[in-house]
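Colleague: Protein sequence lines, in the order shown, are assigned to chains V and A. Letter by letter, the first sequence follows residues 1 to 426 in my numbering. Letter by letter, the second sequence follows residues 1 to 426 in my numbering.
In short, the hints are calculated from the structure, not lab data. Heads up, a few of these hints could be off.
Copies of the same chain are indistinguishable here, so a pair counts whether it falls within one copy or spans any two.
Cut-off 30 Å, straight-line C-alpha distance, at most; resulting in silico cross-link-like pairs (BS3-like, lysine-lysine) [claimed, not checked]: (1) 95 x 423; (2) 44 x 77; (3) 418 x 304; (4) 423 x 91; (5) 276 x 304; (6) 423 x 77; (7) 77 x 95; (8) 91 x 347; (9) 77 x 304.
All figures in this text were calculated on a predicted structure; none of them were measured in a lab.
There are 2 protein chains.
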Amino acid sequence: MTTRELIHQVKTGSAVLAASDGRARDGLLSAIREGLLRDWPAIKEANDRDVEAAKDLAPSVRARLTFSRDKLDASVKGIGEVANLPDPIGKVLEKRELDSGFVLRRVSVPLGVVGMIFEARPDALIQIVSLAAKSGNGIILKGGSEAANTNSALASSISRSSDTTEIGDGWLLLLHSREDVNVMLSCREDLDLVIPRGSNQFVRYVMDHTSIPVLGHASGICHMYVDRDARLEMGVSCSMDAKTNYPAACNAIETLLVHVSIAAVFVPMVAAAFRKAGVIIHGDETVCSLVQGCVPYADGDWEKEYLALEINIHVVKDEGEAISFINAHGSHHTDAIITENPAAAEKFRVHVDSADVFVNCSTRFADGYRFGLGAEVGISTSKIHARGPVGLSGLMTSKWLLTGHGEVVSTYMGKDAKPFTHKELS
Amino acid sequence: MTTRELIHQVKTGSAVLAASDGRARDGLLSAIREGLLRDWPAIKEANDRDVEAAKDLAPSVRARLTFSRDKLDASVKGIGEVANLPDPIGKVLEKRELDSGFVLRRVSVPLGVVGMIFEARPDALIQIVSLAAKSGNGIILKGGSEAANTNSALASSISRSSDTTEIGDGWLLLLHSREDVNVMLSCREDLDLVIPRGSNQFVRYVMDHTSIPVLGHASGICHMYVDRDARLEMGVSCSMDAKTNYPAACNAIETLLVHVSIAAVFVPMVAAAFRKAGVIIHGDETVCSLVQGCVPYADGDWEKEYLALEINIHVVKDEGEAISFINAHGSHHTDAIITENPAAAEKFRVHVDSADVFVNCSTRFADGYRFGLGAEVGISTSKIHARGPVGLSGLMTSKWLLTGHGEVVSTYMGKDAKPFTHKELS
Numbered sequence: 001m002t003t004r005e006l007i008h009q010v011k012t013g014s015a016v017l018a019a020s021d022g023r024a025r026d027g028l029l030s031a032i033r034e035g036l037l038r039d040w041p042a043i044k045e046a047n048d049r050d051v052e053a054a055k056d057l058a059p060s061v062r063a064r065l066t067f068s069r070d071k072l073d074a075s076v077k078g079i080g081e082v083a084n085l086p087d088p089i090g091k092v093l094e095k096r097e098l099d100s101g102f103v104l105r106r107v108s109v110p111l112g113v114v115g116m117i118f119e120a121r122p123d124a125l126i127q128i129v130s131l132a133a134k135s136g137n138g139i140i141l142k143g144g145s146e147a148a149n150t151n152s153a154l155a156s157s158i159s160r161s162s163d164t165t166e167i168g169d170g171w172l173l174l175l176h177s178r179e180d181v182n183v184m185l186s187c188r189e190d191l192d193l194v195i196p197r198g199s200n201q202f203v204r205y206v207m208d209h210t211s212i213p214v215l216g217h218a219s220g221i222c223h224m225y226v227d228r229d230a231r232l233e234m235g236v237s238c239s240m241d242a243k244t245n246y247p248a249a250c251n252a253i254e255t256l257l258v259h260v261s262i263a264a265v266f267v268p269m270v271a272a273a274f275r276k277a278g279v280i281i282h283g284d285e286t287v288c289s290l291v292q293g294c295v296p297y298a299d300g301d302w303e304k305e306y307l308a309l310e311i312n313i314h315v316v317k318d319e320g321e322a323i324s325f326i327n328a329h330g331s332h333h334t335d336a337i338i339t340e341n342p343a344a345a346e347k348f349r350v351h352v353d354s355a356d357v358f359v360n361c362s363t364r365f366a367d368g369y370r371f372g373l374g375a376e377v378g379i380s381t382s383k384i385h386a387r388g389p390v391g392l393s394g395l396m397t398s399k400w401l402l403t404g405h406g407e408v409v410s411t412y413m414g415k416d417a418k419p420f421t422h423k424e425l426s
Numbered sequence: 001m002t003t004r005e006l007i008h009q010v011k012t013g014s015a016v017l018a019a020s021d022g023r024a025r026d027g028l029l030s031a032i033r034e035g036l037l038r039d040w041p042a043i044k045e046a047n048d049r050d051v052e053a054a055k056d057l058a059p060s061v062r063a064r065l066t067f068s069r070d071k072l073d074a075s076v077k078g079i080g081e082v083a084n085l086p087d088p089i090g091k092v093l094e095k096r097e098l099d100s101g102f103v104l105r106r107v108s109v110p111l112g113v114v115g116m117i118f119e120a121r122p123d124a125l126i127q128i129v130s131l132a133a134k135s136g137n138g139i140i141l142k143g144g145s146e147a148a149n150t151n152s153a154l155a156s157s158i159s160r161s162s163d164t165t166e167i168g169d170g171w172l173l174l175l176h177s178r179e180d181v182n183v184m185l186s187c188r189e190d191l192d193l194v195i196p197r198g199s200n201q202f203v204r205y206v207m208d209h210t211s212i213p214v215l216g217h218a219s220g221i222c223h224m225y226v227d228r229d230a231r232l233e234m235g236v237s238c239s240m241d242a243k244t245n246y247p248a249a250c251n252a253i254e255t256l257l258v259h260v261s262i263a264a265v266f267v268p269m270v271a272a273a274f275r276k277a278g279v280i281i282h283g284d285e286t287v288c289s290l291v292q293g294c295v296p297y298a299d300g301d302w303e304k305e306y307l308a309l310e311i312n313i314h315v316v317k318d319e320g321e322a323i324s325f326i327n328a329h330g331s332h333h334t335d336a337i338i339t340e341n342p343a344a345a346e347k348f349r350v351h352v353d354s355a356d357v358f359v360n361c362s363t364r365f366a367d368g369y370r371f372g373l374g375a376e377v378g379i380s381t382s383k384i385h386a387r388g389p390v391g392l393s394g395l396m397t398s399k400w401l402l403t404g405h406g407e408v409v410s411t412y413m414g415k416d417a418k419p420f421t422h423k424e425l426s
């Protein structure tokens, strides 16, 4: 069968999963968990081969690639946590009587088939599969090629386990090559959502090469603005956390904006803290005049996602300029203001056009787990479907269900039209 | 200024509207209403020119184009109804404490700038503008070219009225040519949603020529399935309403599916009713053997949107075949089952992959007003953002707002991590 045919099969094969009840889906998760524990020797052996083949790659890549027993145990625990989440299917989102006994409901249903492309991290595969199973979605996976053997071993184990349940294994497909990904991106009729993880260039490539909706973010250019009315120590500690806690994260800040009237005091303060942490500072003229060793601003710095211990510092005249700067140079991901002034905070909340707008805290809180979403599917900078950190609800859509007793619209039209009652029910 | 620059100006110009409170937006609607009444002579004169120029066009086109005093009064009344809707901005959709006094809220906010392309119906312009104003969205309009003079007069009046309010007129732009539309479709950074109305081919063209999200439906290929356990008179009356009440509507049915075990009785019954109403019947072999004058099925009929008094009738062996048929040949818009059998109804609800799935009523109820949404922005067959009839909520997105007192994530990480409380607030 061709890749296209295999993908089309998932569309039909996932109908059983979509229609299954919550208990059956939790049973599926249970079977997958037990299967992975049972198949551990084969998975370990496959992973050893991947790690051996990657011996010339960077240590950080090999660390993510290595699938230890500890990681298996953590993954298996994660499956249990996903199973324990409330069933996302069949939630009644709206309920309205149109007329006596004539009831309209909007209920949550699975999207259908989701394509997920992810980095060479075997635990990511397990997490994604468990989210798909819980939410009733067919899943088409393509993992980083360095993990090819491990991914095959994991997917085989999961398929075998699924096959022992009433749901079967038709809802799952592992792709193997970059060409397969291109085929998938063209299967608009068979996929309902694509979630790419990986480098900014890769996510951008996916967004530009498919008409299937894409959930994700190409870049995380986040800002913190320290206002005139900020508590300065709070400005330092939040900036430090937002930059240095995990610089490679999408919710780390790349640019710190500082109100001009506090610049002379605050910039040296925060620069000293940054210097201690080994952060390189790029600054405008004012900042460079205040900070020794500041790298003068160069064209394009405001749009850079450093993903490293580097930061821009820029002085602005007020919160209005900070807002314009953020909307113009940011990626509409996460931006924060530090201020004790409620009016400035409210202006910032309303006018910053980003998925997450924070007041007096670190941008690093922009995360599905920290937000209490139970599980994170991704972080979206789109305004459509899902925005910001997305939990299981990002894998759901809704359907309008109307149940009557032979009602026809002609009854409700014209001169003697019967009025609708339009009574909200709950 | 170029069209591209004008469009970009709406992005910035609509920020005032987006940030305005509900009272200011209702005041804007009021000013627009009064302005239209005051400018009626100029609007009438412009419309007369359009109608005169259209004298060789079909009477139905001229009827839609003609903007009578009655239509103005109805439009002005419609603005008042939109003003009376609850404010869609700032609704708290989720509220959760992450830690004591550290509160996360997800609130509804305007999408930003919406592009709307609509047919030559002056009242449509007024309706669209009022929905945009109420929801805080900038709007870029392009109406049918036959109504060019009327649209210009209406847009000028609305701009002048806006300019007398604190909101100004920067949120509104009328485009004039097909080339302008193509420019707009390429302005991915400045538009957040495009809503095309008009022919199926036109909507499909828009969907295929932009990477901006599109709200709408290219076609409405709807079905009714009359099950073995249907009350046959209900099957006849619902089919008749769904086909003949307004055949040009997207929620009218194109194909009637009939369970084989009732075909011999039901098909002649419904065919007699259809014949009385002048409906041409296209049928499979069984149907043609039961109905005199039935047009034998031809390739492609199952995918046709007749938009006229024509219908396909097809016999299926059970609800499973009906569901597969609908999913394969329909447009995922609205489909109904007529049955007294709860199991068949539930199977149909779960497995038919459409925006609206109805039991024992006409498909013609698929409509924002009938659903009680207050206003209809469009009907979406996408699973993303909005599905089915869409009210003002289709013009909204949400934003996560987190407000703290200097919280940093390092407090909640590592060995001595403070736990999140993740308490739902309401």
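Colleague: Next, verify each hint and record whether it holds.
Modeller: Hint-by-hint comparison with the structure:
1. With identical chains, the CA atoms of residue 95 and residue 423 are at most 30 Å apart both within one copy (9 Å) and between copies (26 Å).
2. Taking identical chains as interchangeable, the C-alpha atoms of residue 44 and residue 77 lie at most 30 Å apart only when both belong to the same chain, with a minimum of 18 Å there against 71 Å between chains.
3. Taking CA atoms no more than 30 Å apart as the test, residue 418 paired with residue 304 passes in neither setting, with 61 Å inside one copy and 33 Å between copies.
4. Taking the shortest alpha-carbon separations for residue 423 and residue 91, both the intra-copy value of 19 Å and the inter-copy value of 20 Å come in at or below 30 Å.
5. For the homomeric pair residue 276 and residue 304, the shortest alpha-carbon distance inside one copy (23 Å) is at most 30 Å, but the shortest distance between copies (70 Å) is not.
6. In this assembly of identical chains, the alpha carbons of residue 423 and residue 77 lie at most 30 Å apart only when taken from different copies (23 Å versus 45 Å within one copy).
7. In this homomeric assembly, residue 77 and residue 95 come within 30 Å of each other (Cα to Cα) only across copies, at 28 Å, whereas the closest approach inside a single copy is 36 Å.
8. Only between protomers do residue 91 and residue 347 lie at most 30 Å apart by alpha-carbon distance; the minimum there is 17 Å, versus 35 Å within a single protomer.
9. For a Cα distance limit of 30 Å, the shortest separation of residue 77 from residue 304 qualifies neither inside one copy, at 37 Å, nor across copies, at 51 Å.
Checked against the numbered hints listed earlier, the structure breaks hints 3, 9; every other hint is satisfied.
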